[in-house]
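So the protein sequences, as listed, match chains A and B. Numbering of the first sequence is given in this note's numbering, commencing with residue 1 and proceeding in unit increments. Numbering of the second sequence is given in this note's numbering, commencing with residue 1 and proceeding in unit increments.
Careful, some of the hints might be misleading.
[Said to hold, decoys possible] Derived SDA-like pairs: lysine to any residue, alpha-carbon spacing no greater than 20 angstroms straight-line:
no., chain 1, residue 1, chain 2, residue 2
1, B, Lys-90, B, Val-153
2, B, Lys-337, A, Ile-5
3, B, Lys-337, A, His-135
4, B, Lys-337, A, Val-136
5, B, Lys-323, A, Lys-118
6, B, Lys-323, A, His-75
7, B, Lys-8, A, Glu-117
8, A, Lys-74, B, Lys-405
9, B, Lys-323, A, Leu-78
10, B, Lys-290, B, Leu-252
11, B, Lys-323, A, Glu-117
12, B, Lys-12, A, Asp-116
13, B, Lys-8, A, Leu-78
14, A, Lys-118, B, Gly-3
15, B, Lys-8, A, Gly-168
16, A, Lys-74, B, Lys-12
17, B, Lys-323, A, Asp-116
18, B, Lys-8, A, His-75
19, B, Lys-12, A, Glu-134
Please keep in mind that the hints were generated in silico from the structure rather than gathered at the bench. In this text the structure is predicted, and so the values were computed from the model without any measurement.
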Amino acid sequence: MTYEIVKIQNVVKQYDKKTRALDNLNLSIKKGEWTSIMGPSGSGKTTLLNIIGCLDSPTNGKVIINGRETTGLKHNELTRFRRENIGLIFQQYHLIPYLTAVENVMMAQYFHSMVDEKDAIEALKRVGLGHRLEHVPMHLSGGEQQRVCIARALINDPKILLADEPTGNLDQKNGEIILELIRELHHEGHTIIVVTHNPEIGDMGQKKVLLVDGKISFKNNNYGG
Amino acid sequence: MFGRILRKSISKRKSRIAIAVLSVIIGASIATALLSVSMDVSEKVGYEFRKYGANLMVVPETDTIEVGFPGVDFGTVTEQRYINESDLWKIKTIYWRNNVLGFAPLLYSVVTVENEQNQQEVVLAGTYFNKNVNILEPYSSEDSTIFKTGIQVISPWWNVTGRWIEDPHDNDSSMVGINVAEALGLEIGDEYIIRYIIDYENNSNIKEYNLTVVGIINTEGHEDNQIFVNLQVAQNLTGRPNKVHTAQVSALCNACPVDTFAGEIMDAIPYTEARTVKQLVSAEMNILGKIEDMMFLVTIVALLASALGVMTTMTTSVIERRKEIGLMKSIGAENRKIMTLFLSEATLIGIIGGLLGYGVGFILSQFIGMSVFSTSISPTVEVIPIVIGISVGVSLLASILPVRKAVNVEPAIVLRGE
Ligand SMILES: Nc1ncnc2c1ncn2[C@@H]1O[C@H](COP(=O)(O)OP(=O)(O)O)[C@@H](O)[C@H]1O
Ligand SMILES: [Mg+2]
Numbered sequence: 001m002t003y004e005i006v007k008i009q010n011v012v013k014q015y016d017k018k019t020r021a022l023d024n025l026n027l028s029i030k031k032g033e034w035t036s037i038m039g040p041s042g043s044g045k046t047t048l049l050n051i052i053g054c055l056d057s058p059t060n061g062k063v064i065i066n067g068r069e070t071t072g073l074k075h076n077e078l079t080r081f082r083r084e085n086i087g088l089i090f091q092q093y094h095l096i097p098y099l100t101a102v103e104n105v106m107m108a109q110y111f112h113s114m115v116d117e118k119d120a121i122e123a124l125k126r127v128g129l130g131h132r133l134e135h136v137p138m139h140l141s142g143g144e145q146q147r148v149c150i151a152r153a154l155i156n157d158p159k160i161l162l163a164d165e166p167t168g169n170l171d172q173k174n175g176e177i178i179l180e181l182i183r184e185l186h187h188e189g190h191t192i193i194v195v196t197h198n199p200e201i202g203d204m205g206q207k208k209v210l211l212v213d214g215k216i217s218f219k220n221n222n223y224g225g
Numbered sequence: 001m002f003g004r005i006l007r008k009s010i011s012k013r014k015s016r017i018a019i020a021v022l023s024v025i026i027g028a029s030i031a032t033a034l035l036s037v038s039m040d041v042s043e044k045v046g047y048e049f050r051k052y053g054a055n056l057m058v059v060p061e062t063d064t065i066e067v068g069f070p071g072v073d074f075g076t077v078t079e080q081r082y083i084n085e086s087d088l089w090k091i092k093t094i095y096w097r098n099n100v101l102g103f104a105p106l107l108y109s110v111v112t113v114e115n116e117q118n119q120q121e122v123v124l125a126g127t128y129f130n131k132n133v134n135i136l137e138p139y140s141s142e143d144s145t146i147f148k149t150g151i152q153v154i155s156p157w158w159n160v161t162g163r164w165i166e167d168p169h170d171n172d173s174s175m176v177g178i179n180v181a182e183a184l185g186l187e188i189g190d191e192y193i194i195r196y197i198i199d200y201e202n203n204s205n206i207k208e209y210n211l212t213v214v215g216i217i218n219t220e221g222h223e224d225n226q227i228f229v230n231l232q233v234a235q236n237l238t239g240r241p242n243k244v245h246t247a248q249v250s251a252l253c254n255a256c257p258v259d260t261f262a263g264e265i266m267d268a269i270p271y272t273e274a275r276t277v278k279q280l281v282s283a284e285m286n287i288l289g290k291i292e293d294m295m296f297l298v299t300i301v302a303l304l305a306s307a308l309g310v311m312t313t314m315t316t317s318v319i320e321r322r323k324e325i326g327l328m329k330s331i332g333a334e335n336r337k338i339m340t341l342f343l344s345e346a347t348l349i350g351i352i353g354g355l356l357g358y359g360v361g362f363i364l365s366q367f368i369g370m371s372v373f374s375t376s377i378s379p380t381v382e383v384i385p386i387v388i389g390i391s392v393g394v395s396l397l398a399s400i401l402p403v404r405k406a407v408n409v410e411p412a413i414v415l416r417g418e
């Protein structure tokens, strides 16, 4: 049974008097769906991702993630909710420079609950980095760093994977590897939300959302519903 | 995992951590110097000050003998004009007895000294040099019933050529003041005769006594005009067994008013009066206190400098690691974990800085000891935990603001390109 794992109702995000990044936005995303969020720079894509990922709270409106209303949660409650439900993939990877690949993954385990080095190694093998476990980010290529980031995002079994321009800093070949990984994760049933400028990547989603000036100007469901 | 994060994050930022540690060293070393010097020297300062003489004078009640200028005529001898030698041990039985560093009885008389060239009237002082006095029950402490005391104990700075009179039963030796020695041409090893006139009016009944010079005293005080012998020599010569005119007491007491001290001695030997050499004692306390006050101020300033240094480096650290903090938060680190990470770093900085600061401070304390007190400072173990405590405390306090900054980092920054 598919249910709406993300429900966004009348959400407003006002940074300051002039900047209304999200303007009365409504959006629902089904469990297991791959959603692409597109739009020009400054249209509110990152802001939307921050709110879905519980990294930020809206000024107004209601956000329900995995059946739980997140608006109104206290700071630490939001943190705990985030680590249970959200996996984050960044354009700049954000690996800790002084930790090895496997330690970067283990750190996510540590903040979530308990460190399990075997699991961390498994996760890295799964993204094809079994031979790079003890390398620090400086000694990894961009594509490899992004794969560590994906392994880290997956390690705690999140309900939703959020990716902000995951291939933005990568060449074609490495970008393909990352997209292939995301595709696999989608097939395994993960809910995936990808922000991208690239129309080809945008087309990979079952659902495409076009943001303009903090409003949804176009929504397309590839297979109805 | 936490330990690994902490260790690696520190070892990757060695130079920054080193600056913070250096800041702590500044304060910790000054604090060490203050504590070492004040703990070790307060004792030594006491010794220094004792150089200026006894700070309490015990005399018989109603007696008015001037110290160093004993009356030439003692008139009719009454019991009240002397202190019994056999009562002196009681000075060591007062409540503040542990602060009694020593005492020395003095029995004065005027004698005529004669040698080949010269003849002169001189004050003969009988005293203890270094004598074991028995402390009777119930005042004697368990480990010691004997109190080693005498003029050598309370006035060890006397400039003596030759030697002290070591044996309390030595009835032939004498120590001669430098002025006496010069006037009479006496040198170490010389023998001379003293005459004591029992009946002045008739200039009759003269007692003669042979003495040998074993030491020449140069104190630049009234002692230079006197001859010192064992108390029993003076007592026997003048026919006053068990009698002394006065007792000099050397006491150092930070916690008790010296008046209390005097009062207690008067209670212990009821027919005496104890006079305090007040200015002297308050000067002792004043200088001790002033040195400590000054060093305390310097320490506070140094610790403030430490705090500032730690705060600056920590703040820079937090700013540099904003993305890292945001990332940790975005993957689930609560504020408490971020706080623990930075406070642990601060604690480590405090411990390392405190330990190194102790080392530096100990060397510093040697300089202070040598230049101010002309003495080396022995290491005081208690100072180590105190200094480390102070260092960690300062480091943690200085980290409050930077840690707050770290806690306030928004996790949302990880998605914003910058
Ligand atoms: N922290 C912030 N404070 C103020 N304004 C912000 C902040 N973050 C984003 N904005 C503004 O909100 C709007 C939407 O930004 P963003 O969500 O980053 O757009 P996009 O990701 O689509 O480029 C922009 O005008 C941007 O300048
Ligand atoms: Mg953006």
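Tell me the numbers of any earlier hints that the structure contravenes, in ascending order.
2, 3, 4, 5, 11, 12, 13, 15, 16, 17, 18
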